[in-house]
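2 protein chains.
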Amino acid sequence: FEYLEKELESYRDLPAETTDGHLVVLRGNIELSQEIPAVIAHGGEGIGLFRTEFLFLNRSEPPSEEEQFKVYRDMVQKMIPAPVTIRTLDVGGDKFVPEINLADEANPAMGLRAVRFSLKERRLFKQQLRAILRASAFGCTRIMFPMISGVAEMRQCRALLDEVCAELLQENQPFDEDVEIGIMIETPSAALVADLLAEEVDFFSIGTNDLIQYCLAVDRGNEHVAYLYEPLHPAILRAIKLVCDAGRRAGIRVGMCGEMAAEPLYAPILLGFGFTELSMNAACIPRVKRVIRQISRQVGVDVLEQLLKLPTAHEVNRYMEEDMAHRFPDIFGPPAI
Amino acid sequence: FEYLEKELESYRDLPAETTDGHLVVLRGNIELSQEIPAVIAHGGEGIGLFRTEFLFLNRSEPPSEEEQFKVYRDMVQKMIPAPVTIRTLDVGGDKFVPEINLADEANPAMGLRAVRFSLKERRLFKQQLRAILRASAFGCTRIMFPMISGVAEMRQCRALLDEVCAELLQENQPFDEDVEIGIMIETPSAALVADLLAEEVDFFSIGTNDLIQYCLAVDRGNEHVAYLYEPLHPAILRAIKLVCDAGRRAGIRVGMCGEMAAEPLYAPILLGFGFTELSMNAACIPRVKRVIRQISRQVGVDVLEQLLKLPTAHEVNRYMEEDMAHRFPDIFGPPAI
Ligand SMILES: [Mg+2]
Ligand SMILES: [Mg+2]
Numbered sequence: 001f002e003y004l005e006k007e008l009e010s011y012r013d014l015p016a017e018t019t020d021g022h023l024v025v026l027r028g029n030i031e032l033s034q035e036i037p038a039v040i041a042h043g044g045e046g047i048g049l050f051r052t053e054f055l056f057l058n059r060s061e062p063p064s065e066e067e068q069f070k071v072y073r074d075m076v077q078k079m080i081p082a083p084v085t086i087r088t089l090d091v092g093g094d095k096f097v098p099e100i101n102l103a104d105e106a107n108p109a110m111g112l113r114a115v116r117f118s119l120k121e122r123r124l125f126k127q128q129l130r131a132i133l134r135a136s137a138f139g140c141t142r143i144m145f146p147m148i149s150g151v152a153e154m155r156q157c158r159a160l161l162d163e164v165c166a167e168l169l170q171e172n173q174p175f176d177e178d179v180e181i182g183i184m185i186e187t188p189s190a191a192l193v194a195d196l197l198a199e200e201v202d203f204f205s206i207g208t209n210d211l212i213q214y215c216l217a218v219d220r221g222n223e224h225v226a227y228l229y230e231p232l233h234p235a236i237l238r239a240i241k242l243v244c245d246a247g248r249r250a251g252i253r254v255g256m257c258g259e260m261a262a263e264p265l266y267a268p269i270l271l272g273f274g275f276t277e278l279s280m281n282a283a284c285i286p287r288v289k290r291v292i293r294q295i296s297r298q299v300g301v302d303v304l305e306q307l308l309k310l311p312t313a314h315e316v317n318r319y320m321e322e323d324m325a326h327r328f329p330d331i332f333g334p335p336a337i
Numbered sequence: 001f002e003y004l005e006k007e008l009e010s011y012r013d014l015p016a017e018t019t020d021g022h023l024v025v026l027r028g029n030i031e032l033s034q035e036i037p038a039v040i041a042h043g044g045e046g047i048g049l050f051r052t053e054f055l056f057l058n059r060s061e062p063p064s065e066e067e068q069f070k071v072y073r074d075m076v077q078k079m080i081p082a083p084v085t086i087r088t089l090d091v092g093g094d095k096f097v098p099e100i101n102l103a104d105e106a107n108p109a110m111g112l113r114a115v116r117f118s119l120k121e122r123r124l125f126k127q128q129l130r131a132i133l134r135a136s137a138f139g140c141t142r143i144m145f146p147m148i149s150g151v152a153e154m155r156q157c158r159a160l161l162d163e164v165c166a167e168l169l170q171e172n173q174p175f176d177e178d179v180e181i182g183i184m185i186e187t188p189s190a191a192l193v194a195d196l197l198a199e200e201v202d203f204f205s206i207g208t209n210d211l212i213q214y215c216l217a218v219d220r221g222n223e224h225v226a227y228l229y230e231p232l233h234p235a236i237l238r239a240i241k242l243v244c245d246a247g248r249r250a251g252i253r254v255g256m257c258g259e260m261a262a263e264p265l266y267a268p269i270l271l272g273f274g275f276t277e278l279s280m281n282a283a284c285i286p287r288v289k290r291v292i293r294q295i296s297r298q299v300g301v302d303v304l305e306q307l308l309k310l311p312t313a314h315e316v317n318r319y320m321e322e323d324m325a326h327r328f329p330d331i332f333g334p335p336a337i
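Protein chains in written order, with this note's numbering: chain A, 1 to 337; chain B, 1 to 337.
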């Protein structure tokens, strides 16, 4: 056990590169800038998901543009030269912002949340976009919109962003005019029209938690149906494939920032899909890196091809467990006695 | 106006046949056997969706097998020779059964509902299946499962159905051993694996209300996000296309029983998809039939081909409205002054 910890630590400064030379960038998901040292300590290259909700929680007033700017700038500077992907406010659903008057909703997960909320509260949204753009003058910054359901919503975000850029230019506020804009793919509709969305943005990041939840119509927080929440459901594999294929054809980056990215057993599958960026909680990075460094991308491609033929999540899971334990007993086999 | 009513009435005994000879069967959605005369009066050929929930509502005890059997038999006999599609209990979500102890759920629409509920309450489920199967001895009966999310769930239903059939055989209870088994396609996952599901069942019926809701992650009952509930969203058109293509390849029937089926403006699109069965509230049948009898299937195919190229629901809607008003001013044009 101690040996494994040492081994994991030794990976910190090594790239997440497969035995056949396929490079994957592993990044951290964070909520606070205080988590940055842990990301660096675990060998994370940049932030794949900064959840800005924390800034808005447990306070009587939303943070000002200036306050947000300082937090974002601080983070961006600390990560130089690696990028920081800042996700705009993702409230609603399971999250909660007391000072924002959220209506009672029968199904909050399918309600006024995330980018829908931002597009309604435009003053707040523009403030956040201004703060992020201003931070982009200080280091590599990316903007990511959550819960985009289609092209129309993305274009509304783009229009607002253009407005904000024009304002900043007029005020002579510096910002990175080439800042990359991306979206979370977490609604089934976004996966289904990924090819259209790929024309509108610089990158995708698949948010598996919500994508799985909506695809299967299963609230994973509901104990009565949690058994139906299956990351390896054939429909989920196909949805992810739609997104990866669309991204590849359009020549944009496709990453993943949901919990699926942090599960070492899934790493071969994600290699098979062709992901080049995975973002996860810092503590999970070494274990995923360990798997990636010990297998080839080709194994992932072969495994995925087999998995895509199976009709149920149960069979996909069993195949993965058995096949991986057989191919890589050191990593996935039963613990030696 | 009176003239239109007369015209609509004159269609009652005519088939819903396009000008190029494509036949569509129009059926009724009902909750009570008392609605059968209205279905027949409006020219409906059979019942495409009998919602059995009504039998379970507002009472202290669920209905016995015998009580259900009599209701189903009565209905099946009244519709001879047309089929009656009986959907198994679809409670949960927006529905409510007081005597069944439903847990409080944060997002009931993604909770323990429909077939999930039935698979948990197996005694109730078997009782209902027995009642339906016994009714099948008296006329053309079909069984339809709601909210199927994938192959595994369908196989569980099939296994239970086989159990019930074996019991009935042993008891010498007559039933139709060739009764057709189908599923609602209303979760995005079911649409994504429609080809796999097509191997397991005799027919699909697309439930557009829920399919749209889950695909877009929009609770249409929520006024704050109702603007995002768009039947003609490109992702919805693609999901429907996946289902229709899978059904056609497998040689099984694909129908639609959601509200989309009842909108005359959508009829050309549904012809384009190749639907041969549409089920709706009885009162909507004549208007849909009127459109089908005045256009060709080829128009639908051409229109759909154009629609599938458009990136937003807004553009799809505008194209439909303008193109249809232009091609068929009598049906879709502005009212004459
Ligand atoms: Mg999310
Ligand atoms: Mg439904």
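FYI, nobody ran anything at the bench for these hints, they're computed from the structure.
Worth double-checking, as some hints may not be accurate.
As the list claims (entries may be wrong) - Think about it this way: if two alpha-carbon atoms lie no more than 27 Å apart in a straight line, the pair counts; the simulated DSSO-like pairs of lysine-lysine are:
| no. | chain 1 | residue 1 | chain 2 | residue 2 |
| --- | --- | --- | --- | --- |
| 1 | A | 70 | A | 120 |
| 2 | A | 241 | A | 309 |
| 3 | A | 241 | B | 70 |
| 4 | A | 126 | A | 70 |
| 5 | B | 78 | B | 126 |
| 6 | B | 120 | B | 70 |
| 7 | A | 309 | B | 241 |
| 8 | A | 241 | B | 120 |
| 9 | B | 6 | B | 70 |
Stated by the list, open to error - Distance windows between CB atoms, simulated:
| no. | chain 1 | residue 1 | chain 2 | residue 2 | range |
| --- | --- | --- | --- | --- | --- |
| 10 | B | 248 | A | 306 | 22 to 30 Å |
| 11 | B | 181 | A | 61 | 52 to 60 Å |
| 12 | A | 265 | B | 77 | 54 to 62 Å |
| 13 | B | 37 | A | 306 | 50 to 58 Å |
| 14 | A | 163 | B | 17 | 19 to 27 Å |
Built from N, CA and C at the ideal position, the CB exists for glycine as well.
Results of checking the hints against the structure:
1. A/70 - A/120: holds (25 Å)
2. A/241 - A/309: Holds, at roughly 13 Å.
3. A/241 - B/70: With a Cα-Cα distance of about 48 Å, the restraint between residue 241 of chain A and residue 70 of chain B is violated, given a limit of 27 Å.
4. A/126 - A/70: Holds - the C-alpha atoms of residue 70 of chain A and residue 126 of chain A are around 16 Å apart, at most 27 Å.
5. B/78 - B/126: holds (25 Å)
6. B/120 - B/70: Roughly 25 Å between the alpha carbons, so the hint for residue 120 of chain B and residue 70 of chain B holds.
7. A/309 - B/241: holds (21 Å)
8. A/241 - B/120: Given that 27 Å is the threshold and the Cα spacing comes to 32 Å, the pair is violated.
9. B/6 - B/70: The hint is violated at about 37 Å.
10. B/248 - A/306: 22 to 30 Å: For residue 248 of chain B and residue 306 of chain A the Cβ distance comes to about 27 Å; the hint holds.
11. B/181 - A/61: 52 to 60 Å: The hint (52 to 60 Å, Cβ to Cβ) holds, given that residue 181 of chain B and residue 61 of chain A are roughly 58 Å apart.
12. A/265 - B/77: 54 to 62 Å: Holds: the Cβ-Cβ distance is about 55 Å, inside 54 to 62 Å.
13. B/37 - A/306: 50 to 58 Å: holds (55 Å)
14. A/163 - B/17: 19 to 27 Å: violated (53 Å)
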